[in-house]
Amino acid sequence: MFKKILIANRGEIACRVIKTARKMGIRTVAVYSDADRDAVHVEMADERVHIGPPAAAQSYLLIDKIVDACLQTGAEAVHPGYGFLSERAAFPVALAEKGIVFIGPNPRAIEAMGDKIESKKFANAASVSTVPGFLGTIESADHAVEIAREIGYPVMIKASAGGGGKGMRIAWNDAECREGYTLSKNEAAASFGDDRVFVEKFIVDPRHIEIQVLGDKHGNVVYLGERECSIQRRNQKVIEEAPSPLIDAATRAAMGEQSVALAKAVAYDSAGTVEFVADQNRNFYFLEMNTRLQVEHPVTELVTGIDLVEQMIRVAAGEELSFRQKDVTLTGWAVESRIYAEDPFRNFLPSIGRLVRYRPPEEGSDGEITVRNDTGVVEGSEISMFYDPMIAKLVTHGPTRLEAIEAQSDALDAFVIDGIQHNIPFLTSLHHHPRWREGRLSTGFIREEYPDGFGVRAVDAAAKPLLAAAAVAMEVIRQDRLEALPGRLRPASGDLRKDWVVRLDKDYIPVTIHEGFAAIPLELDLSVGEGAAPVNVVSRWQPGDLLWTGIVGEESLTVQVRPVPNGAELRYRGISVVAKVMTPRVAKLEALMPEKAPPDTSRFLLCPMPGLVVTIEVVEGQEVKAGETLAVVEAMKMQNVLRAERDLTVKAVKAKPGDSLAVDAVIMEFE
Amino acid sequence: MKEILAELERRRSTARAGGGAKRVEAQHARGKLTARERIECLLDERSFEEIDIYVEHRCTDFGMGESKIPGDGVVIGSGTINGRIVYLFAKDFTVFGGSLSETHAAKMVKLQEMALKNRAPIIGLFDAGGARIQEGVAALGGYGEVFLRNVLSSGVIPQISVIMGPCAGGDVYSPAMTDFIFMVRDTSYMFVTGPDVVKTVTNEIVTSEELGGASVHTTKSSVADGSFENDVEALLQVRRLVDFLPANNQAPLPEIVSHDLPDRVERSLDTLVPDNPNKPYDMKELILKVVDEGDFFEIQGNHAKNILCGFARMEGRTVGIVANQPMVLAGVLDIDASKKAARFVRFCDCFNIPIVTFVDVPGFLPGTAQEYGGLIKHGAKLLFAYAEATVPKITVITRKAYGGAYDVMSSKHIRGDVNYAWPTAEIAVMGAKGAVEILYRSELGDPEKIAKRTKEYQDRFANPFVAAERGYIDDVIMPHSTRSRIARALRLLRNKQLENPWKKHDNIPL
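Listed in order, the protein sequences are those of chains A and B. The opening residue of the first sequence carries number 1 in our numbering; numbering runs sequentially from there. The opening residue of the second sequence carries number 672 in our numbering; numbering runs sequentially from there.
Please keep in mind that the hints were generated in silico from the structure rather than gathered at the bench. Fair warning: this is a prediction, and the values are worked out from it, not measured in the lab. Any given hint could be a false lead.
Said to hold, decoys possible - If you anchor each label on the Cβ, the simulated ranges turn out as follows:
| # | chain 1 | residue 1 | chain 2 | residue 2 | range |
| --- | --- | --- | --- | --- | --- |
| 1 | B | 729 | A | 484 | 45 to 51 Å |
| 2 | A | 532 | B | 818 | 52 to 58 Å |
| 3 | A | 484 | B | 1177 | 34 to 40 Å |
| 4 | A | 346 | B | 1180 | 45 to 51 Å |
| 5 | A | 97 | B | 1142 | 58 to 64 Å |
| 6 | B | 680 | A | 517 | 35 to 41 Å |
To be verified - Taking beta-carbon pairs under 10 Å as the criterion, some of the chain B residues facing chain A (in silico):
| # | residue |
| --- | --- |
| 7 | 718 |
| 8 | 749 |
| 9 | 902 |
| 10 | 907 |
| 11 | 939 |
| 12 | 942 |
| 13 | 956 |
| 14 | 965 |
| 15 | 987 |
Claimed, not checked - Dumping the calculated DMTMM-like pairs for lysine to aspartate or glutamate here, alpha-carbon to alpha-carbon at most 25 Å:
| # | chain 1 | residue 1 | chain 2 | residue 2 |
| --- | --- | --- | --- | --- |
| 16 | B | 693 | A | 595 |
| 17 | A | 19 | B | 941 |
| 18 | B | 950 | A | 38 |
| 19 | B | 1126 | A | 34 |
| 20 | A | 498 | B | 715 |
| 21 | B | 950 | A | 34 |
| 22 | A | 506 | B | 857 |
| 23 | A | 498 | B | 914 |
| 24 | B | 976 | A | 418 |
| 25 | A | 596 | B | 857 |
| 26 | A | 596 | B | 881 |
| 27 | A | 65 | B | 946 |
| 28 | B | 891 | A | 664 |
| 29 | A | 588 | B | 715 |
Note that beta-carbon positions come from the ideal geometry of N, C-alpha and C, so glycine has one too.
With these hints in hand, go ahead and build the complete structure from the sequences.
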């Protein structure tokens, strides 16, 4: 076995690999760019090597630098993680020249599977079912349209070298096909340095199912069940699970066997993933094979009990797989949510900055429930514009799908992140969506269920009494302390005030305390609403805590608490609402206060995130129809097209291409 | 006997009705509460004891003899905020537009004298139309009497003004001399002369909002210390402020039970200061992570944002926080920042509130605008305020402390009691680049040499140890232990005894 390995990656996956290496008694070397000087993976590793400036192209993507770092530290093998160099055939070749082992498949397998067109040819040869499409290189937009017409719309345009949704577009007509071709090509060139794209049939209501395979250098290949990753937003996976609610044992076996056949055809000798698209009738078609560890591998680990990173290291060292297909069992259900630095309320635009607060829920097993959080950040870490905006992968495992989802919802409620915008409200909303809970999925799920994007969820009838009770419980504690201030006119009576009114959004909800005593832990009997039955409220919350954890009646809940003037913003299950607790009289007076309209910003195009202006598509005085492109802003390597929300006339353009803008900077003004 | 009691009730209810239902309705329609409703929001329930409810004006000119309403446009009395005594007056816009008459002023003076004599805070709620013109010079005299009491009370009891409607002409100077002014957005304005007079005299056309709205006074003029969304929010926030303040200049600091452990460690503070010395960071994060429960009552949050001032608690006891904000103008000291912080420091010193100062200051802002505006004198105010303050003073230098601004920001030399620095601190006359450009002017043409010199200077001075070797810094502390170090220092200083030489009063450069 290796004594020392280098991890040619950063963030959560580097930390993840280091953890397993440590467990196996292997020393670790981290590499880092200027932007990652204080990163967690650098701190965790036994040794560290600086490899260049922040831009990945000048650091994490430089094969020479990684090879040098190995030679300098004496690392015998390299784990590439995912992304960066993980699927570049040249990388294992360069390592091999210096006698360094690549913890991944052989370069021929990478080459064969890495190119989406090549891989389809292999799949056909291995009798794996594939989607109809054109496998040659497309020369022009016209050519793309011609092929698309042949296959029939809808079609998908994809980067040959792509992955992770970058350089991928769906087209339903000729115009979109043309636009998609150009955008895909540009993004492919920018992201992968390879602008080849191809076109294939787009399957309606498809589900994304993938098979985890694992091979060794002795010709053994097994499959470790499937993962479903149908919950995607713009082809970027959001929630993954194992197993899939769609797949039955027979389909699993068929997919697994085809995957193994494909892997064997390329002498696959590491962990890899064969991606399929499946329709609702369990017909499945080969999509591509990812010759690396997948982001969502933890769900497979939790249902199989197999540490995939450990297996990759072992087979790379030449060990034979210690188990066979019949030994692989799937136990329970695992669900993973990807926590991204993006603003769900502003069309999921990237958000960068310092993690002022970062408190993930507690990891570990409690009874039949397991919580795991794969992350590469700590409180105080910087989410920079240079890398992927993923902050963490929260994984829960339970005996059944619903139990795993419940555990996931609870864990998300308790996840504290401040300083940047994040998608937890959206994730929580997804986990409570009945269609998700029923397992009726398709990759269009988010588009179909959130057609107008994601907005703040209104307080529903179920949450209202819970949040009102929590708000009063907090107020009782706060108020009690103030009773002890010096210089009182008369001694405090020590009695608890009984009658309160909680303002939640626009509702005034009367709350009556029947019994209780202001102390930590707090226990109260109270009624929420006129004449409602009393419920028992228990909590250990103390002023300043960002989480209110407690029990209201039968319900055990965790609510995020952030102070606002005279109240608190409460976040719970995707709901975000300001709660103000008042005496009935003050509440009555407060109700007289006018509602103020927020300032009108519709006359401006504001920069939705910090980024670089790529193009300004209009000139001053131009009349623009709703939906037309106004400007393109690039952030986190993604080009974001800013379109006119209504018909308008451009009054003044305030930014030019190349400008680096802050969030909410004015790009242009309208009449 | 019953009839006599009934007569009292009748008189009371007449007085409480103020200007009558119609005017009350009009007040509500404007988005405002009445004087008595405001008092209900501000004070503990049923704690208000009104006095002088039957006072009526004595004017007979211009038909005023026919028009008398008990209370005469101002409601005065005492009550409690979380059990603690306060005195307050509230202008009643429904009665003669809250305008000030001789008797109206006499009520205010009576209350001011009670508050001063009994050493309790006084709060004024303003919503009035200025002097009662029918009374002429009698009203002016009344103003003068009120102003005098404001001055005599200053520094003895906290005085808070809340502007909740119009406040113009003579009315503005009483709030102007109190410790804090808060305004309600969209419904309040303050100016010496209104838009009509402005137009006649200068031909300028402005609205009341543009001339003296909450936004003007909290951002541009700095007349007001904060603004709030509506009457209720403003009054509840005043309650929150009063909880931080001692009753008078000899009363103990208010102390509440704190559940926040004094030795709480904040690891993330170790990465607060970025590697790049030119990159800003948010000083507010440091404040919120150091103080009890992240509870910070900011003063003048929208004015001179390059410096932060406000109240917080450490181990349940009030402290005043002053901090340079690198996010805005690199945290530089300019005229506005100096004035803002100087006034805040002096308030804290008046009322024995310890001051914690966080320093990251690149110096004073250069330029003609600043020099012509009198930066020398205004900067001196902050220096003066810190130097004369005898309350416990704790200073933490997080990054830059350059030049004269280093001295100003509660340095050891002006009686800083406990002065700490983070390992990232740079205490120097100026930044390395600037220093080298002066020291090695002849080598400026040679970038290589200059780079070497800059590095030399950087290595020698860009750290806290040169200052620590001289004892200017008491200790270099880990950022993550900042809270526990400050909490300990405050405990050590609890019995601090320090007196300035006897004087009638000092002569701060105004």
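Against the structure, the hints:
Distance hint check: the CB atoms of residue 729 of chain B and residue 484 of chain A are about 46 Å apart, consistent with the given range 45 to 51 Å. Between residue 532 of chain A and residue 818 of chain B the beta carbon distance is about 54 Å. The supplied range of 52 to 58 Å therefore holds. Take residue 484 of chain A and residue 1177 of chain B: their Cβ atoms lie about 37 Å apart, and the range 34 to 40 Å holds. Residue 346 of chain A and residue 1180 of chain B have their C-beta atoms about 48 Å apart, which keeps the hinted 45 to 51 Å range intact.
Restraint check, residue 97 of chain A to residue 1142 of chain B: a C-beta distance of roughly 60 Å satisfies the suggested window 58 to 64 Å. Residue 680 of chain B and residue 517 of chain A have their C-beta atoms about 39 Å apart, which keeps the hinted 35 to 41 Å range intact. Nearest Cβ of chain A to the Cβ of residue 718 of chain B: about 7 Å, under the 10 Å cut. The hint holds. Interface restraint check for residue 749 of chain B: the shortest CB-CB distance to chain A comes to about 9 Å, inside 10 Å, so the restraint holds.
Given hint, residue 902 of chain B at the interface with chain A, holds; its Cβ is 7 Å from that chain's nearest Cβ, closer than 10 Å. Taking 10 Å as the C-beta contact cut-off toward chain A, the hint placing residue 907 of chain B at the interface holds, the least distance being around 4 Å. Look at residue 939 of chain B: its Cβ gets to within about 3 Å of chain A, closer than 10 Å, so that hint holds up. Annotation: interface hint on residue 942 of chain B holds; nearest CB of chain A at approximately 4 Å, less than 10 Å.
Below 10 Å, beta-carbon pairs count as interface contacts, and residue 956 of chain B has one with chain A at about 5 Å; its hint therefore holds. With 10 Å as the threshold, the beta carbon of residue 965 of chain B comes within range of chain A, its nearest partner Cβ sitting at about 6 Å, so the hint holds. With a least beta-carbon distance of about 8 Å to chain A, the hint placing residue 987 of chain B at the interface is held under the 10 Å criterion. A distance of roughly 22 Å separates the Cα atoms of residue 693 of chain B and residue 595 of chain A; the hinted pair therefore holds under the 25 Å criterion.
For the hint linking residue 19 of chain A to residue 941 of chain B, the alpha-carbon distance of about 24 Å falls within 25 Å, and the restraint holds. Between residue 950 of chain B and residue 38 of chain A the alpha-carbon distance is near 16 Å, which keeps this suggested pair within the 25 Å criterion. For the hint pairing residue 1126 of chain B with residue 34 of chain A, the CA-to-CA distance comes to about 19 Å; that is within 25 Å, so the pair holds. Using a Cα cut-off of 25 Å, the hinted pair residue 498 of chain A and residue 715 of chain B holds, with the two alpha carbons roughly 15 Å apart.
Distance check on the hinted pair: residue 950 of chain B and residue 34 of chain A sit about 14 Å apart at the alpha-carbon level, within 25 Å; holds. Pair hint residue 506 of chain A plus residue 857 of chain B holds up; C-alpha atoms about 21 Å apart against a cutoff of 25 Å. A distance of roughly 22 Å separates the Cα atoms of residue 498 of chain A and residue 914 of chain B; the hinted pair therefore holds under the 25 Å criterion. In summary, the hint linking residue 976 of chain B to residue 418 of chain A is supported, as the alpha carbons are separated by about 22 Å, within the 25 Å threshold.
Taking the CA atoms of residue 596 of chain A and residue 857 of chain B, the gap is near 9 Å; set against the 25 Å cutoff, the hint holds. Under the criterion of a C-alpha separation no larger than 25 Å, the hint pairing residue 596 of chain A with residue 881 of chain B is consistent with the structure, at around 18 Å. Distance hint between residue 65 of chain A and residue 946 of chain B is fulfilled; the C-alpha atoms sit about 23 Å from each other, no more than 25 Å. Restraint check for residue 891 of chain B and residue 664 of chain A: the C-alpha separation of about 22 Å stays at or below 25 Å, so the hint holds.
Restraint check for residue 588 of chain A and residue 715 of chain B: satisfied, since their Cα atoms lie roughly 15 Å apart, inside the 25 Å limit.
The structure fails none of the hints (numbered hints given earlier).
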